[in-house]
Amino acid sequence: MPVPRSYSFCTCDVFTDRRFGGNQLAVVLEADDLPADQMQAIAREFNYSETVFVLPPSSPAHTARARIFTPARELRFAGHPTIGTAFVLATCRPALAGAERIVLEEGVGPVSISVERDGTQIRRCVFAAPTLPQAGPPAPPRDALAAMLGLAPLEVLDSAESWSCGMGFLVVPVSSVAALERCRLDIAVWSSTLAAWESKHVYPVAQAGAAWRVRMFAPDAGVPEDPATGSAAAAFAGWLAHYAPQAARRSHYTLLQGQEIGRPSRLDVTIDRDGERVTQVQVGGSSVMVSQGTLLA
Numbered sequence: 460m461p462v463p464r465s466y467s468f469c470t471c472d473v474f475t476d477r478r479f480g481g482n483q484l485a486v487v488l489e490a491d492d493l494p495a496d497q498m499q500a501i502a503r504e505f506n507y508s509e510t511v512f513v514l515p516p517s518s519p520a521h522t523a524r525a526r527i528f529t530p531a532r533e534l535r536f537a538g539h540p541t542i543g544t545a546f547v548l549a550t551c552r553p554a555l556a557g558a559e560r561i562v563l564e565e566g567v568g569p570v571s572i573s574v575e576r577d578g579t580q581i582r583r584c585v586f587a588a589p590t591l592p593q594a595g596p597p598a599p600p601r602d603a604l605a606a607m608l609g610l611a612p613l614e615v616l617d618s619a620e621s622w623s624c625g626m627g628f629l630v631v632p633v634s635s636v637a638a639l640e641r642c643r644l645d646i647a648v649w650s651s652t653l654a655a656w657e658s659k660h661v662y663p664v665a666q667a668g669a670a671w672r673v674r675m676f677a678p679d680a681g682v683p684e685d686p687a688t689g690s691a692a693a694a695f696a697g698w699l700a701h702y703a704p705q706a707a708r709r710s711h712y713t714l715l716q717g718q719e720i721g722r723p724s725r726l727d728v729t730i731d732r733d734g735e736r737v738t739q740v741q742v743g744g745s746s747v748m749v750s751q752g753t754l755l756a
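For the record, in the sequence shown the residue sitting at position 227 is 686 according to our numbering, with numbers rising by one throughout.
It should be emphasised that the hints constitute simulated quantities derived from the structure, not laboratory data. Heads up, some of the hints might be wrong.
As the list claims (entries may be wrong) - Derived Cβ-Cβ restraints for the label pairs, each shown as a range:
id, residue 1, residue 2, range
1, Gly557, Pro515, 16 to 26 Å
2, Thr738, Asp602, 32 to 42 Å
3, Pro704, Gln497, 44 to 54 Å
If you're wondering where the values come from, they're calculated on a predicted model, not measured in any experiment. Ideal Cβ positions, reconstructed from N, Cα and C, are used throughout, including at glycine.
I would like the entire structure built from these sequences, with the hints used as guidance.
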């Protein structure tokens, strides 16, 4: 039996300021000699929404390369792994102590992350979306969406649309927080309704006072429900700019996710506009370290 190699790893909770909330993330450091199939097996072993493998960057102007895996497949981009990896590197790499900016090479290209600090403590990390939100194909009929989510048709609003910001999501506004909390994804209806869709991630949303409550279902990626989804927040910014615009050129939105599965999360979204045109989307949040250890592979 071959002798296994050892790799340092960290786990953290992302989009939360306390342990055991937010979205779990495993970050495997110095993973450049791991083949993709072994990365996928390790991601299945952790069984978090995503696991990140940190490799040397291809450009000396960038901090690191990050490969992101769900338990089922590799992703070109994802929000909470971007935030969490920046947090882990800024925390664990002495060369990055005090760094205010980290650039990760992901499948979509370089992603810039600002590191905001209170003294020596990292307060939050904020990424600039690598692409601007784009509307996708028309949403399925209201009746189909309602059946897919286990709701009455009148609880699904007319403004359902698909949006992408490096990854596509079907944004489904519902009539109330109570309706959002009752959402239960019917896998059979989901599979048939979105059979022809490239991205089958479903993102029901409901306004909750000054904030928005959101959920995200991605069974095709091995994630029945995600506690916090930064890439979906970036895509949702396109919907917000269209359907819930604020008067200011720079608008701030708070998204609350994960309450239904016991992992409350907060995502901060900032949208810059020039008239009706979105010029930049940023998504930010806090992270906390949970564990550090050695992986044998």
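Consistency of the hints with the structure:
About 21 Å separates the C-beta atoms of Gly557 and Pro515, a value consistent with the hinted range of 16 to 26 Å. For the pair Thr738 and Asp602, the beta carbons lie near 37 Å from each other, so the given range of 32 to 42 Å is met. Roughly 46 Å separates the CB atoms of Pro704 and Gln497, a value that falls within the hinted 44 to 54 Å.
Every hint, counting from the list given before, is met by this structure.
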